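From first to last, the protein sequence lines stand for chains B and E.
Each residue of the first sequence is one higher than the one before, counting from 2 in my numbering.
Each residue of the second sequence is one higher than the one before, counting from 2 in my numbering.
Worth flagging that the hints you see were computed from the coordinates, not collected in a lab.
One or more hints might be untrue.
Note: identical chains are not told apart, hence a pair may lie in one copy or across any two.
[What the hints assert, rightly or not] With a Cα cut of at most 20 Å, we get these calculated PhoX-like pairs of lysine-lysine:
1) LYS315 to LYS93
2) LYS420 to LYS93
3) LYS411 to LYS439
4) LYS411 to LYS449
5) LYS420 to LYS109
6) LYS60 to LYS4
7) LYS398 to LYS54
All of these numbers come straight from a predicted model, not from anything done at the bench.
Residue strings, one per chain:
Number of protein chains: 2
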Amino acid sequence: MFKKIAVQGNAFYSENFDNVKYIKNGLFCIDEKGFIEDVYNKTDKNYEFVREKYLKHGKLKILSKSEVILPGFVDLHNHASQWPQAGTALDKPLEDWLGEYTFPLESKYKNLDFANEVYTDIINATLSYGTTTALYFATVDREPSVLLARLCGEIGQRGLVGKVVMDDHVANPEFCRDVSSIEAVKETEKFIEEVLKFKDTYKQKIYPVITPRFIPSCTDKCLKELGKIVNKYNIHVQTHCSESDWEHGFVKEKYGISDTEALDRFGFLTNKTILAHAPFLSDDDLKIISKRKSSIAHCPISNAYFANSVLPFKDFYTKGVNIGMATDISGGYSPSIYSAIRQSVISSRMLNEGVNPSLQFDKRGRANSAITLNNAFYSATVGGGIALDLPIGKFEKGYAFDAQIIDLTKNIPTYYPEKNETDLLHKILLLSESNNIKEVWVQGDRVK
Amino acid sequence: MFKKIAVQGNAFYSENFDNVKYIKNGLFCIDEKGFIEDVYNKTDKNYEFVREKYLKHGKLKILSKSEVILPGFVDLHNHASQWPQAGTALDKPLEDWLGEYTFPLESKYKNLDFANEVYTDIINATLSYGTTTALYFATVDREPSVLLARLCGEIGQRGLVGKVVMDDHVANPEFCRDVSSIEAVKETEKFIEEVLKFKDTYKQKIYPVITPRFIPSCTDKCLKELGKIVNKYNIHVQTHCSESDWEHGFVKEKYGISDTEALDRFGFLTNKTILAHAPFLSDDDLKIISKRKSSIAHCPISNAYFANSVLPFKDFYTKGVNIGMATDISGGYSPSIYSAIRQSVISSRMLNEGVNPSLQFDKRGRANSAITLNNAFYSATVGGGIALDLPIGKFEKGYAFDAQIIDLTKNIPTYYPEKNETDLLHKILLLSESNNIKEVWVQGDRVK
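In isolation and in its complexed conformation, chain B is listed as follows (with noise of 0.2 Å):
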């Protein structure tokens, strides 16, 4: 039995941090295992040779003119167990937050019919906006924490996920923590242990990833464990770095360096290692990144509520640190990538500009900070794939086949060819909503 399959289209991808590439009806050659085999344009010689072939197995997508594909996106940072309250409470102050809202609502993943539902329901919301890998921070708990990486593989999801670990007595509430921090390391080497022995069963695969949550709330001797482990397993690992100026002065104190420099005398900084937020990093916090090749998850949204302050994007990615896109949920509201993408755009201008009226011009902005939606969108597919050294982001060969199919009939007013492809590339990133992303794919299986 023929088991390829092509599909036949209009697509865009970043070719680079400033330049999307258009590929007008190509035909995109996928393997057995979801991967591309091969992309052909209209004009190669053996395009209509190898279209037959697909055609006459039966195994020939054609999209229609009114559709176009685009990559799957990367959310590099997601609570997926804080979606019950995406969007509330978002006017108080971080501790009320935290106490009254947050903490309570982890503890109750313990409820594993109640982790099921949710669960669920924020990875078919991820994907329904185009998500087709995401990495997620599920809870303190680990039988809900494996059980959101089975979800992740059964409903089709590249979900990378982790336990949560955060045992510091004072810092966490009793009904939301680690029972200490040997059994955080033990629990966490459990969930590890468990999801590796899944991990290769679905297509697309699942992975642990080391979680904690972050300095402050978490023992020097946990913290100490837990980095022994990165080494051991080589896996990723997620925490949240300089988010703000309470969690960077934080760091400061108890150990006199910055989180960068802590977490990396910890063990935590390695290629595969993601960490969220990060605007207040300084110049030699770069540098160190930089050399680990560690990225950053970029969470404009809920930056504007936790973060005191904009991430320098444009400034960090010169300095050569690669930066993903992430919502954030639940410090972020939205599940969609896309709304992450206007908003990372939106708030490196006003870094650029500068928000205060009051000011001089020259007085106001810091130059050289405003993103483009090229640099956006590069960020929320490439970006994203290099953060967790995976084949994803791109439609060539070697990668991958994650992708989401746009129904350029909703939602995106077209009266007249654009004027360029870029144009309607933009119109898309910024006009889309849920119900014209028709399709979604991962590892070559339609998921939506």
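Using the hints provided, position chain E relative to the given structure of chain B.
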């Protein structure tokens, strides 16, 4: 025949700037003209009696528990004619955006077929996001501007429409300007007369608006004559005011006074005047505007692209100026007032906290600038009604029944009762898309 109708269900509206009112299972009685005749709470002693009366006549619409009614939104600034380019070219400098994209597009509306297609579409697009009242810039050409007004009437949106005045031969390209200052004024009067003729034939009414694009695009002669027309007709006025460093500086240089002072001297500031953008107002400007009872149309998305700053919403409101919400299609890419609400809160927080993490906390932001989601909701409903001097934006006796019915089963995670009703409203405001805005009503009639 019994011509009244009643709607029974859960509803939210703004009681005042800070507080939201929740009516559980209320009964909203609507008269023949589409105004709210009475609102009954479940506890009112006549509730059952009145309910029975409507039920008996087959005139009671009962909403389910998974539906919630919000007031329709007011969009105070929308260039309907720019809809075809929404979401494009926002990375470009203003000159290119205007010269290469906007002016050539606006000149196409002489073709009434094109105008008919686009205007029908933008009215339906904004309606689909719950915008029941919209203040539109059409284009410089009279005929298509009248057509936009008629289409609002026919489709059922409360439209306020202006033929754009832009007569300066240096500032505007030949293919997109008034023939002369005299013609500009003549055409404006003709436009007003034509719209006034059919204004009252529509239940929700349609309003002509005097619309000098902004001072830099008009001659003094024209502005003087237009100012007289404001007085003659006592109708709405809309224009741009102190939008950017450039515009603010241009008027200062030309007249030696601020944009606001200049507009006031020409006679444009009344209690039915809406000034778009306006971040650069001085305290003296605010006093004038407050005295004239004019309002600001807040365009948070487009401000991020073209205004070089954030509107100090809280400060201006505190100083007595009314502010409504606006999409500013297509300087803003989204036709949804939901998007404007979300960005207005985020922008205000960025003004409050500051954006540049390299600055010390106390040097970074502008204190007391953050607005709440409740404030933004007020602005999008009640604020818009005050700006237009129309009885819209509340579910109270004497107000038009302009409403959107929200379907809570889509997009919005609801796993257990929220801690309080406001949390539910916030989820609706932050997570809704057009597909869960199930029905839209204008002046007592369903239009979506």
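Hint check:
no.	hint	in the structure
1	LYS315 to LYS93	between (30 Å within a copy, 17 Å between copies)
2	LYS420 to LYS93	between (45 Å within a copy, 14 Å between copies)
3	LYS411 to LYS439	both (10 Å within a copy, 16 Å between copies)
4	LYS411 to LYS449	both (17 Å within a copy, 16 Å between copies)
5	LYS420 to LYS109	between (52 Å within a copy, 15 Å between copies)
6	LYS60 to LYS4	within (8 Å within a copy, 58 Å between copies)
7	LYS398 to LYS54	within (19 Å within a copy, 69 Å between copies)
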